[in-house]
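Sequences are here, hints too, so could you generate the full structure?
2 protein chains.
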Amino acid sequence: MKVEVMKGGLCAVKGVRAYGIKEGNKGLALIEGEGKASGMYTTNKIKAAPVRFTKKQLEKGRISAIIANSGCANSFTGEQGMRNAEKMAELASSFLGVDKEEVAVLSTGPIGAQLDMGLIEGQLGEVVKGLTSGEEGSTAAAKAIMTTDTFHKETAISIDTGNDEPVVIGGIVKGSGMIAPHMTTATMLAFIYTDASLDDEVLSGSLKDAVENSFNMTVVDGDMSTNDTVLLVATGKSGKISEADFKAGLTFVCQELAKLIARDGEGATKFIEVRVKGAPSIADAREVARSIVRSPLVKSAIFGERPDLVCGRIIAAIGSSAITGDGGDFSGISIRLKGEKEVLAVKNGEFMDLSGSERTLMKGKEIFIDVDMGTGEEAEATAWGCDLTYDYVRINASMH
Amino acid sequence: MKVEVMKGGLCAVKGVRAYGIKEGNKGLALIEGEGKASGMYTTNKIKAAPVRFTKKQLEKGRISAIIANSGCANSFTGEQGMRNAEKMAELASSFLGVDKEEVAVLSTGPIGAQLDMGLIEGQLGEVVKGLTSGEEGSTAAAKAIMTTDTFHKETAISIDTGNDEPVVIGGIVKGSGMIAPHMTTATMLAFIYTDASLDDEVLSGSLKDAVENSFNMTVVDGDMSTNDTVLLVATGKSGKISEADFKAGLTFVCQELAKLIARDGEGATKFIEVRVKGAPSIADAREVARSIVRSPLVKSAIFGERPDLVCGRIIAAIGSSAITGDGGDFSGISIRLKGEKEVLAVKNGEFMDLSGSERTLMKGKEIFIDVDMGTGEEAEATAWGCDLTYDYVRINASMH
Chain A
1 MKVEVMKGGL CAVKGVRAYG IKEGNKGLAL IEGEGKASGM YTTNKIKAAP VRFTKKQLEK
61 GRISAIIANS GCANSFTGEQ GMRNAEKMAE LASSFLGVDK EEVAVLSTGP IGAQLDMGLI
121 EGQLGEVVKG LTSGEEGSTA AAKAIMTTDT FHKETAISID TGNDEPVVIG GIVKGSGMIA
181 PHMTTATMLA FIYTDASLDD EVLSGSLKDA VENSFNMTVV DGDMSTNDTV LLVATGKSGK
241 ISEADFKAGL TFVCQELAKL IARDGEGATK FIEVRVKGAP SIADAREVAR SIVRSPLVKS
301 AIFGERPDLV CGRIIAAIGS SAITGDGGDF SGISIRLKGE KEVLAVKNGE FMDLSGSERT
361 LMKGKEIFID VDMGTGEEAE ATAWGCDLTY DYVRINASMH
Chain B
1 MKVEVMKGGL CAVKGVRAYG IKEGNKGLAL IEGEGKASGM YTTNKIKAAP VRFTKKQLEK
61 GRISAIIANS GCANSFTGEQ GMRNAEKMAE LASSFLGVDK EEVAVLSTGP IGAQLDMGLI
121 EGQLGEVVKG LTSGEEGSTA AAKAIMTTDT FHKETAISID TGNDEPVVIG GIVKGSGMIA
181 PHMTTATMLA FIYTDASLDD EVLSGSLKDA VENSFNMTVV DGDMSTNDTV LLVATGKSGK
241 ISEADFKAGL TFVCQELAKL IARDGEGATK FIEVRVKGAP SIADAREVAR SIVRSPLVKS
301 AIFGERPDLV CGRIIAAIGS SAITGDGGDF SGISIRLKGE KEVLAVKNGE FMDLSGSERT
361 LMKGKEIFID VDMGTGEEAE ATAWGCDLTY DYVRINASMH
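Same order as they appear, the protein sequences are chains A and B. Heads up: the first sequence runs through residues 1 to 400, numbered per the numbering used here. Heads up: the second sequence runs through residues 1 to 400, numbered per the numbering used here.
Note that these hints are calculated values from the structure, not bench results. Treat each hint with caution, since some may be false.
The list makes no distinction among identical chains, and a pair is therefore deemed to hold if it is satisfied within one copy or across any two copies.
Unchecked claim - Listed below are the simulated BS3-like cross-link pairs for lysine-lysine, each with C-alpha atoms no more than 27 Å apart in a straight line:
(1) Lys7 to Lys363
(2) Lys365 to Lys7
(3) Lys341 to Lys237
(4) Lys363 to Lys60
(5) Lys100 to Lys7
(6) Lys237 to Lys129
Quick caveat: nothing in here was measured; it's all calculated off a predicted structure.
Below, the structure written as structure tokens:
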């Protein structure tokens with residue numbers, strides 16, 4: 001399988017037009033592109049009105065457009081909130097001339113306030129005029145849904161299937177704070193399109209797999225939103241692709257988008273990748289990786305560039321994870337740390353002397369933690385996150 | 001039942017002597033007092049050597065002494081760690097002339113390093129000389145086990161049982177960072193003595209109950225240690241007490257100690273008490289209360305004194321808690337906030353206008369959040385925690 005990263009985000013996909021605008025903290029994005037659709041939604045027990053609405057819209061497995069606003073989550077807004085979500089679908093439907101039952105609606109922003117429907121209607125008129133299949137359309141949509149994001153996030157890949165036409169997968173995502181595992185990565189909206197022609201089961205099965213290995217492995221602060229949604233739409237405008245190749249491609253795209261979220265964690269100065277291997281099961285490997293990248297003590301030790309502190313905290317995080325078994329044998333654990341330099345910090349359960357290499361291990365913008373659970377088993381997983389900084393506190397103590 | 005808070009901590013209890021010393025960050029505490037004993041231990045799957053050792057020691061349900069050091073957790077230290085834990089028991093046994101199988105051993109501090117046994121033996125000689133039933137003994141022991149604690153923590157109560165003699169319960173605790181629910185409140189050591197005469201089942205049953213309603217409801221950062229232990233010892237030197245009265249008294253003592261931990265949360269500027277009522281079950285009420293007090297977003301909004309931000313984040317935390325059911329009816333939730341002023345911020349699912357009262361609601365050293373789940377059911381729970389501040393990050397980025 002030959003994969004090439006390309007420009008254009010959503011609009012690299014055949015059959016997709018997009019645009020968006022932002023005024024102050026209120027943005028509106030519109031994506032037009034008809035096809036089979038599958039969604040995954042927050043596991044937060046309080047689901048925002050647009051999430052409940054969109055879940056229902058997608059029951060038929062087909063959408064023609066996505067309308068998404070930033071600046072108001074339309075969450076915990078009662079019956080009026082649900083009417084407003086429906087109204088957003090109606091507006092998009094009449095502006096675009098598509099079936100209103102095929103419009104997905106998403107919102108992101110503070111919880112508890114009602115939408116300003118006049119503003120949304122006005123913005124929609126502007127956005128419809130800007131709709132384009134050029135790459136600027138994807139970028140505008142990605143920017144329109146930003147909240148505390150410091151940069152917009154989009155990616156696309158082209159997969160050489162051996163047929164005449166390559167298959168393209170492109171997506172945009174927003175999210176920076178309130179990011180927790182379990183889909184549930186919070187205030188996260190991801191819209192992914194592909195021009196591949198896919199069966200329904202392949203579409204939904206690939207999405208579930210890809211999300212489990214990407215967004216669900218990204219942790220900024222462990223909080224989760226009422227609004228998280230990932231939508232995947234297949235326009236079918238290019239050729240066929242094998243299930244395995246599509247899954248691999250979609251996972252790649254989702255991981256790229258997930259890593260962009262981790263890099264843009266609120267207040268983050270360092271990106272953290274935790275790779276766990278030698279675990280007895282994939283579930284255990286994932287749980288351990290997430291537990292490490294979620295620990296405030298690990299995150300703040302990395303901010304402080306203190307490899308001497310980080311290993312003990314990694315050990316505590318491993319033990320506190322919801323792995324199977326209790327009092328098991330953890331004596332074979334090895335931990336490799338990599339910043340500007342790389343070192344085996346814990347070797348088969350023994351802490352190595354880090355004096356000398358001290359700070360260089362945690363210097364730099366990217367920190368890698370490789371944990372070998374030493375069980376003799378082969379299961380692996382990777383999680384992504386960021387350090388915990390003064391700025392995380394500053395942003396969340398005063399923003400919005 | 002008449003309860004009076006009194007001085008003296010551990011040493012208010014008949015039959016208890018204590019002392020401790022600290023040199024730099026290395027401290028040693030010794031408590032002498034024979035009686036029936038029950039323990040609760042970290043649920044972290046990686047348990048420090050002294051935790052595993054002490055769990056075994058307590059199988060017979062009886063101890064004569066507790067020896068505890070700070071400055072080294074003796075965790076993840078392999079076979080040598082276990083030998084050193086045993087050696088600590090032997091040392092205490094020979095210095096005090098008690099059965100070495102009746103000595104509990106605890107440690108707290110950084111993970112991964114071996115104990116300095118020479119230092120511990122030398123300190124033990126000093127500590128034995130200082131052993132006293134005077135209140136200064138309890139204070140010295142409480143100070144000796146401090147790590148990042150900024151003040152020592154002890155309390156005692158006298159319960160008028162209607163008999164000639166009151167029953168006394170006294171305890172010390174250490175803990176400030178790495179505090180998570182599930183006993184598992186991390187790097188937390190609590191030693192509680194009573195002079196009541198109790199059956200074995202009452203002893204262990206009361207401890208379980210009290211811990212569930214106190215230490216397990218305290219959250220500083222959600223991390224948990226490999227060393228947490230709560231020990232309860234009954235010397236039997238005073239009279240009988242009803243099971244209900246003892247449970248109530250022990251719960252009071254454990255809650256006082258748990259609240260001291262929350263007040264001393266690393267970098268904390270505000271103490272937070274979250275009371276949840278109107279939940280369908282105690283388990284749900286506890287889960288919701290802990291979920292709110294654990295949320296970094298709620299904690300940082302309180303640090304920033306932003307009641308306007310805090311309610312939406314409380315809603316998200318409620319929904320993300322592991323409460324039963326999904327998509328249930330949360331439309332009847334009410335939230336009352338109290339700092340210097342008090343206001344009903346969410347009323348039956350509707351966000352109130354907080355303009356004007358803004359910052360005063362979150363001013364002050366103590367913030368109360370009362371949540372009524374509005375389900376018509378009656379279950380309640382209370383959790384304690386603290387705000388998330390710049391200093392939490394500073395302490396954990398560079399300390400030890």
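Hint-by-hint comparison with the structure:
1. Within a single copy, lysine 7 and lysine 363 get their C-alpha atoms no closer than 31 Å, and across copies no closer than 50 Å, so neither meets the 27 Å cut-off.
2. In this assembly of identical chains, the alpha carbons of lysine 365 and lysine 7 lie at most 27 Å apart only when taken from the same copy (24 Å versus 52 Å across copies).
3. When the C-alpha separation of lysine 341 and lysine 237 is checked against a cutoff of 27 Å, the pair qualifies neither within a copy, at 47 Å, nor between copies, at 61 Å.
4. Taking the shortest alpha-carbon separations for lysine 363 and lysine 60, neither the intra-copy value of 50 Å nor the inter-copy value of 51 Å comes in at or below 27 Å.
5. Taking CA atoms no more than 27 Å apart as the test, lysine 100 paired with lysine 7 passes in neither setting, with 31 Å inside one copy and 71 Å between copies.
6. Taking identical chains as interchangeable, the C-alpha atoms of lysine 237 and lysine 129 lie at most 27 Å apart only when both belong to the same chain, with a minimum of 24 Å there against 86 Å between chains.
Of the hints listed earlier, those the structure fails to meet are numbers 1, 3, 4, 5, in rising order.
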